[in-house]
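**Student:** Spelled out, the chains give:
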Amino acid sequence: DAGITQSPRHKVTETGTPVTLRCHQTENHRYMYWYRQDPGHGLRLIHYSYGVKDTDKGEVSDGYSVSRSKTEDFLLTLESATSSQTSVYFCATSVLTGTQYFGPGTRLTVL
Amino acid sequence: EDKVVQSPLSLVVHEGDTVTLNCSYEVTNFRSLLWYKQEKKAPTFLFMLTSSGIEKKSGRLSSILDKKELFSILNITATQTGDSAIYLCAVEIQGGSEKLVFGKGMKLTVNP
Numbered sequence: 418d419a420g421i422t423q424s425p426r427h428k429v430t431e432t433g434t435p436v437t438l439r440c441h442q443t444e445n446h447r448y449m450y451w452y453r454q455d456p457g458h459g460l461r462l463i464h465y466s467y468g469v470k471d472t473d474k475g476e477v478s479d480g481y482s483v484s485r486s487k488t489e490d491f492l493l494t495l496e497s498a499t500s501s502q503t504s505v506y507f508c509a510t511s512v513l514t515g516t517q518y519f520g521p522g523t524r525l526t527v528l
Numbered sequence: 002e003d004k005v006v007q008s009p010l011s012l013v014v015h016e017g018d019t020v021t022l023n024c025s026y027e028v029t030n031f032r033s034l035l036w037y038k039q040e041k042k043a044p045t046f047l048f049m050l051t052s053s054g055i056e057k058k059s060g061r062l063s064s065i066l067d068k069k070e071l072f073s074i075l076n077i078t079a080t081q082t083g084d085s086a087i088y089l090c091a092v093e094i095q096g097g098s099e100k101l102v103f104g105k106g107m108k109l110t111v112n113p
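Chains as they are written, first to last, in this note's numbering: chain C, 418 to 528; chain Y, 2 to 113.
So that you can see chain Y by itself, here it is in the shape it has in the complex (with noise of 0.2 angstroms):
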């Protein structure tokens, strides 16, 4: 059975904090690990990784890939209250119709 796993599950900060948020997967055929932001609404889209050892940046977020040990890191840095929002995880399945299975999710909240 396909698996991705988040962690932590929820994570408090300070506003300056920099933050870590874990992926780790165990899938049957990888292609692609992707990253979503989700406030109160839809998640957005953030990152796709395909390739290990390549820092996908944009901002003050951050993200790598190692398909050697079968995890994905996000880093956001000097964090903002509008940060705050739940981090969803997917791996991309090949075998067609782009199925994505995702993480449970990481809420971040981001104090003042």
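This is chain C alone, in the form it adopts within the complex (with noise of 0.2 angstroms):
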């Protein structure tokens, strides 16, 4: 499996603050993602990176923003979290042949 944490792994916040979320990487794969996982909806993309300060929207990035200023790490940011964005958060990475490989996720809730 390739190296990759996440942190926090658990958070709770309340409505309006802002969250950061980290995945580093100790493969050096050049693509990141990160992932919401919610019961009825399965993995949707948040966002991408294609290389160090390239990234891209996935179908549910409203809300969110992210930064890759470093290969080996992609931050996540909540500007101002709301209830919606409770969920686990999962970061990936893959090389180039699609297989993405997971970090162990992210539990946040938004009281």
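Keep in mind that the hints were calculated from the coordinates and are not lab data.
Yeah, the Cβ is synthetic: ideal placement off N, Cα and C, and Gly gets one too.
Incorrect hints may have been included.
[To be verified] So these bits of chain C aren't anywhere near chain Y, every CB distance computed over 12 angstroms:
hint : residue
1    : Lys428
2    : Thr434
3    : Arg461
4    : Lys470
5    : Asp479
6    : Ser482
7    : Ser486
8    : Lys487
9    : Ser497
10   : Ser500
11   : Ser501
12   : Gln502
13   : Val505
14   : Ser511
15   : Leu528
[As the list claims (entries may be wrong)] No farther apart than 30 angstroms at their CA atoms in a straight line, the calculated lysine-lysine pairs in the DSS-like style are these:
hint : chain 1 : residue 1 : chain 2 : residue 2
16   : Y       : Lys57     : C       : Lys428
17   : Y       : Lys58     : C       : Lys474
18   : C       : Lys474    : Y       : Lys41
19   : C       : Lys487    : Y       : Lys42
Could you fit the two chains together into a complex? Lean on the hints.
**Tutor:** Set out below in structure tokens:
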């Protein structure tokens, strides 16, 4: 498995506060992804990156921003968290083949 | 809009049963289809399929792709309680960035 860590692993926050989730990889994979997973919806792509400083939106990007200043780190920011953003967030990485490797996930609760 | 549909969405079986999980897709530019297993943590990769009719096999699990009819099946024979998990089907879209479109997942429960 690719060495992917996510921090924090659990977070409880209040509506309106900013939140940043971090994904760190040690495999030098070019592509990185942020997903959210909710019951009844499966995994949905929020944003992805195809290189340092190169990012693009996924299908559920509203309310989220990302940054990638180094190959190994991909940050997901909720500028002003809402209860609808309560979810489990997964980071993933890939090289070229389409096989994505997932991090352990972050459980975020917005009260 | 790219779409991946899994069926059934949940299934309860007894140990020793054989199960078949279905995944159909409608996407603009198909590159590959992937199966993942998710227990109480991150999804783990099972198979990647790119060509029709070629079975991929790993132990009691096997999978095959039909690009004409736009579906794949994942078979699990002689199920064990450790097979209980959510099984995810995803389609890789050609066009850069290796984006995956996931189905909603299928929850399999194997009872002793």
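**Student:** Now, for every hint given, state plainly whether the structure supports it.
**Tutor:** Here's how the hints hold up against the structure:
1. The claim that Lys428(C) lies off the interface holds: its Cβ sits roughly 17 angstroms from the closest Cβ of chain Y, which is beyond the 12 angstroms cut-off.
2. Its beta-carbon lying about 26 angstroms from the closest one in chain Y, Thr434(C) satisfies the requirement of being farther than 12 angstroms from that chain.
3. Distance check on Arg461(C): its Cβ comes as close as 7 angstroms (rounded) to a Cβ of chain Y, failing to clear the 12 angstroms threshold; non-interface status is violated.
4. Non-interface call for Lys470(C) relative to chain Y: holds, since the shortest CB-CB distance, roughly 15 angstroms, exceeds 12 angstroms.
5. Every CB of chain Y lies more than 12 angstroms from the CB of Asp479(C), the least distance being 17 angstroms, so the non-interface label holds.
6. Its beta-carbon lying about 18 angstroms from the closest one in chain Y, Ser482(C) satisfies the requirement of being farther than 12 angstroms from that chain.
7. Every C-beta of chain Y lies more than 12 angstroms from that of Ser486(C), the closest at about 19 angstroms, which supports listing it as non-interface.
8. Against the 12 angstroms criterion, Lys487(C) stays outside the reach of chain Y, whose nearest CB is about 19 angstroms from its own CB.
9. Interface exclusion of Ser497(C) from chain Y stands, the closest Cβ pair being 27 angstroms apart, more than 12 angstroms.
10. Distance to chain Y confirms Ser500(C) as a non-interface residue, since its nearest Cβ pair spans about 22 angstroms, more than 12 angstroms.
11. No beta-carbon of chain Y comes within 12 angstroms of the beta-carbon of Ser501(C); the shortest separation is about 18 angstroms.
12. Look at Gln502(C): its CB is around 19 angstroms from the nearest CB on chain Y, clear of 12 angstroms, so calling it non-interface holds up.
13. The Cβ of Val505(C) sits about 10 angstroms from the closest Cβ of chain Y, inside the 12 angstroms cut-off, so the non-interface label is violated.
14. In this structure Ser511(C) is not separated from chain Y by more than 12 angstroms, as the shortest Cβ-Cβ distance comes to only about 5 angstroms.
15. Distance check on Leu528(C): its Cβ is at least 24 angstroms (rounded) from any Cβ of chain Y, clearing the 12 angstroms threshold; non-interface status holds.
16. Restraint check: the Cα-Cα separation between Lys57(Y) and Lys428(C) comes to about 39 angstroms, which exceeds 30 angstroms; the hinted pair is violated.
17. The straight-line distance between the Cα atoms of Lys58(Y) and Lys474(C) is roughly 35 angstroms, outside the 30 angstroms bound, and the hint therefore fails.
18. Taking the CA atoms of Lys474(C) and Lys41(Y), the gap is about 27 angstroms. The hint holds against a cut of 30 angstroms.
19. Taken as a hint, the Lys487(C) and Lys42(Y) pair is honoured in the structure, with Cα atoms around 26 angstroms apart against an allowance of 30 angstroms.
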